[in-house]
Amino acid sequence: MVQETPWQQALRNANRANPYPFYEEMRKTPVSRQPDGTYVVSTYRELVELLHDPRVSSDTRKRPGAIPGVDPFEATIITEDPSEHDVDRRRIMRHFGPPERPDMITDMEPEIRLIFTELLDGMKSKTRVDVVDEFAFPGPVTVICKVLGVPLESIPLFHDWIETALDGLDLGPEASDPEQQRRLAAVSARVAEMRQFLADLFDQYRKQPGPGMLSGMGNDDGPEGRLPGGSLVSNAMLMLFAGHETTVNLIAHSVLSLLRHPDQLEKLRRRPELIVPGIEELLRFESSVQFWHTRSALEDIEIAGTTIPAGSTIFVCYGSANRDPLRFAHPDKLDLERPDNQHVGFSQGIHYCFGAPLARLEVQIAVSEFFRRVQNPRLVEDPPPYRHNQIFRGPRHVLVDIDGIRD
Amino acid sequence: MTVPARVAELVRDFKANGRIVIVGASLAGLRAAEALREEGFSGPLTIIGDEPHEPYDRPPLSKQVLKGWVPADHTELPRLRELDAQWRLGVAATGLDRTAKQVLLADGERVPYDRLLIATGTRARQWPNPTEAALAGVYTLRSRDDAARLRQALAAGPSRVLVIGGGFIGCEVASVCRELDIPVTLVERGSAPLVGALGGVIGEIAAQMQRDHGVDLRCEVGVLSLEGDASGHVRRARLSDGTTVEADVVLASLGSIRNVEWLEGSGLAAGFWGVGCDAGGRAFDINGVVTDSVYVAGDVARAPHVLYEYQFLAMEHWDNAVLGAQVAAHNMVSLEPDYRPHLLLPGFWSGQFGVNIKSVGVPPFGDEIVFTQGSAKQRRFAAAYGRRGRIVAAVTFNNGKWLEYYGRMIEQSAAFPPPLPGWDRPDDMKPIAADFPEPGVPTATSDVVLTGHDPNQRTAEFRPRGR
Ligand SMILES: Cc1cc2nc3c(=O)[nH]c(=O)nc-3n(C[C@H](O)[C@H](O)[C@H](O)COP(=O)(O)OP(=O)(O)OC[C@H]3O[C@@H](n4cnc5c(N)ncnc54)[C@H](O)[C@@H]3O)c2cc1C
Ligand code: HEM
Ligand code: HEM
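Line order of the protein sequences matches chains L and W. The first sequence begins at 0 in numbering that gives the first Met the number 0 and counts up one residue at a time. The second sequence begins at 0 in numbering that gives the first Met the number 0 and counts up one residue at a time.
Hints listed in this document are in silico derivations from the structure and should not be mistaken for laboratory results. Given the structure is predicted, the values throughout are model-derived calculations rather than measurements. Glycine included, C-beta positions come from ideal geometry on N, C-alpha and C. A few of these clues could be false.
Stated by the list, open to error - Not everything, but these chain L residues come out facing chain W in the computed CB check (under 7 Å): (1) 16; (2) 51; (3) 52; (4) 53; (5) 54; (6) 56; (7) 80; (8) 82; (9) 297; (10) 298; (11) 349.
With the rest of the complex left out, here is chain L:
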């Protein structure tokens, strides 16, 4: 058998809990060509450089051999280039943040706090909890539904769709396993169902406007006009998805990382205000979006002694760049007070995470409330089982024994 590259090994299921030794190998070649002709960028400097390079496209339709309509996120802002990207992002941002809605996120704080408070209240009689199923998952999902205006009753429905979709995507050497092929086969029907669900919801809001972004986006007559129908649905799906997966994983990972680093947890207990820089460090340490896969070179790009030929797919590996020792001193150390912590957990440049202010607020509240109220939490299983998806890397369960819940 041919020796697998560190990247291929990092993508293997068995290495999901700890891809970092492979990343370390990868960084020896900052921009490395893979056997299938794709390029992986693993170092901070080069990654940031490419995020700001106008010869790099995020538009998957521009890739040679792209099959239109295969990807559920085709024609969303995350797969568009300027100028379409900029116009569409503004059309959506109007309903989410500054300049039109500068207070939208901060105004949600009491509601978000209540959601996590109730979840913790629900653990009161328990001695063992699953941080993922009982806390990290339901919180952000409820929040994003409220932000978007998706009825809370439908959570179980699209949870199932999204999980199926997530499990279906494999970009590593195990993609061709029969089991994985079966998972992949299940995807398109689920994605179609989800599109239909959202399309129906938009129709409903068009007849009867309601609270939330979807109603706003569907009825908008802003200066740059409304998003066209198909892209309304795709972008709604993107947000539902992004608001769903990434935040969940960051909360789960934050609890896990702090339980693994009692000194840092102790520090946080003594100085609760450290939650603000702390969340940045926790995201650097375990990045919810390990890499992103939709970029490609539109021209030949010379970088780090390599030429990425026009047409090549480029994977930007945020999880590795965030552990690059050339950028972060002692990168494998968790340090809630890390100075100059300009991580790339939310990316940089024009695709910088749209939801970052919301995600930050949610995770700050969730993690500080968790450790304020949960008495004597102890990890039951380390490492915990991980989910299948390579991009949105996170534990499937984090079982914790507890002595009780404070008021």
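Given the coordinates of chain L, assemble chain W with the ligands onto it according to the supplied hints.
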């Protein structure tokens, strides 16, 4: 004792017992003071400022403050840490005695120092005719008090505002006037607004932007005189093309003058373009010898820049003040080999007529320009400046996220024109002449200026043309 151990000992001792004085209590002064404490300096620290106010921020003065969004006295700079400094506000430094190592104050006091930081910045150039400048309704804009006065005048609903000079501040004020629905005339001696800073090609776009927003823009004309009414309030201006403009508010935005007069006789290389210093912020004396105890930062500093043929570069920009202050502070409490250079790529931003303008590098150093991204017509684009086949600067209109990419190319002296982008290409990507005014043409001066190789450049290159 080994030499490194001895040096370390000296540094430790200085950090504990040295006396540091900062003259100029604004952005550069405050940030330097904070950086000194951050560096572990615990000796006595004195900050001298002639304004009575705590350090405040200037960029909002021509933007949020004039619009009435933020009161002028709500612009204090955020404090980044405890200072434990002695503040001497409301008293100017009037002299420097380098032999005795003392700063002379207007109240007669002498403040001794071991290390001195000069951060006295610039002031607004006044309308040259003192009688006309004294008319009620004639303003300049540099300080918080200036902004409060001008804001009040705008809030009173003047019949027309006349802005003299199309540099950044003039353009920003014209933009605010239009936002407030106040008629405004802008008179610029050069061929277009911003021509000194960005050249004629971009200036033309800025001009179009102004006209689209209803500014009465007059280029290639000068204001000859201002006339007042019987009560001493300004009423009209006579222009060099024979026309008159009726206006009851006049803003003279004629560029700035460096605050170096107090250094006269000190033997430092101080003059029209500021105080010459090395790239580490150490001041030169008039013979071009670097001093050990006097440092410079902010708008008043001019230092050689590696990227621009080691010419002395004077930068009147916010981030230059912040970074220059940090570098100077570090070097004030360090010894060789721990000196750090101030290697900032110049950069600025401006908001006007709904467009966010940003630039990196030194545009006037270039002689060619090429549009690289977006569309000039939509006022959403990036353009790069080149000189002899190298990229030396870039400007963006509503496209600031791409500036970093150009910044990196400038740092690497990459080839000009730069590689084609993959998308959002402008219709025409041929380099053309950037069209800067000839040196010596008295247009609103650019606020980033290459001032030659002479550390002791004391004379003016150009002055407003005699009227
Ligand atoms: C209206 C306006 C808008 C601006 N907008 C932008 C912008 O959008 N972007 C940007 O990059 N930059 C902008 N700038 C420029 C930016 O504000 C300056 O670069 C910055 O203030 C420089 O800081 P400084 O501390 O070097 O000098 P200054 O802020 O000029 O401070 C010098 C201080 O020293 C005091 N002083 C002078 N002489 C003496 C003396 N003899 N004794 C004691 N004290 C003395 C002065 O009164 C002053 O308080 C703007 C400036 C103005 C006026
Ligand atoms: C901890 C939580 C989150 C993390 C770590 C995260 C991370 C990221 C990253 C890395 C990208 C850039 C992808 C690329 O390389 O192109 C991105 C983009 C995006 N994110 Fe997030 N995200 C989080 C939460 C959210 C939330 C809650 C929302 C929804 C409100 C959201 C919406 C988006 C959108 C719409 C984009 C695309 C932006 C664009 O292309 O212009 N994200 N996110
Ligand atoms: C719900 C989660 C997702 C599912 C189920 C999913 C599913 C799929 C599937 C089934 C394919 C085809 C793979 C193959 O042919 O081997 C695919 C390809 C692709 N997906 Fe996704 N995807 C998901 C998330 C995303 C996201 C968030 C993006 C980015 C916006 C994205 C971008 C792409 C791209 C660019 C391809 C084409 C890859 C190529 O042709 O090389 N996917 N996706």
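Evaluation of the provided hints:
Hint status for residue 16 of chain L: violated, given a least beta-carbon distance of 35 Å to chain W, over 7 Å. For the restraint placing residue 51 of chain L at the interface with chain W, the shortest Cβ-Cβ distance is roughly 4 Å, inside the 7 Å limit, so the hint holds. At about 6 Å, the closest approach between the beta carbon of residue 52 of chain L and any beta carbon in chain W falls short of 7 Å, and the interface hint on this residue holds. Given hint, residue 53 of chain L at the interface with chain W, holds; its Cβ is 4 Å from that chain's nearest Cβ, closer than 7 Å.
The restraint placing residue 54 of chain L at the interface with chain W holds, with a minimum CB-CB distance near 5 Å, inside the 7 Å limit. Interface hint status for residue 56 of chain L: upheld, as the beta-carbon distance to the closest one in chain W is roughly 5 Å, under 7 Å. At its closest, the beta carbon of residue 80 of chain L sits 4 Å from a beta carbon of chain W; the interface hint therefore holds under the 7 Å criterion. For residue 82 of chain L, the interface hint holds, the least distance from its beta-carbon to any beta-carbon of chain W being 5 Å, beneath 7 Å.
A hinted interface residue such as residue 297 of chain L counts as satisfied when its beta carbon comes closer than 7 Å to some beta carbon of chain W; here the least separation is about 3 Å, so the hint holds. Hint status for residue 298 of chain L relative to chain W: holds, with the closest Cβ pair at about 6 Å, below 7 Å. The closest approach between the C-beta of residue 349 of chain L and any C-beta of chain W is roughly 5 Å, which is under the 7 Å cut-off, so the hint is satisfied.
The structure fails to meet hint 1 from the earlier list, while all remaining hints are met.
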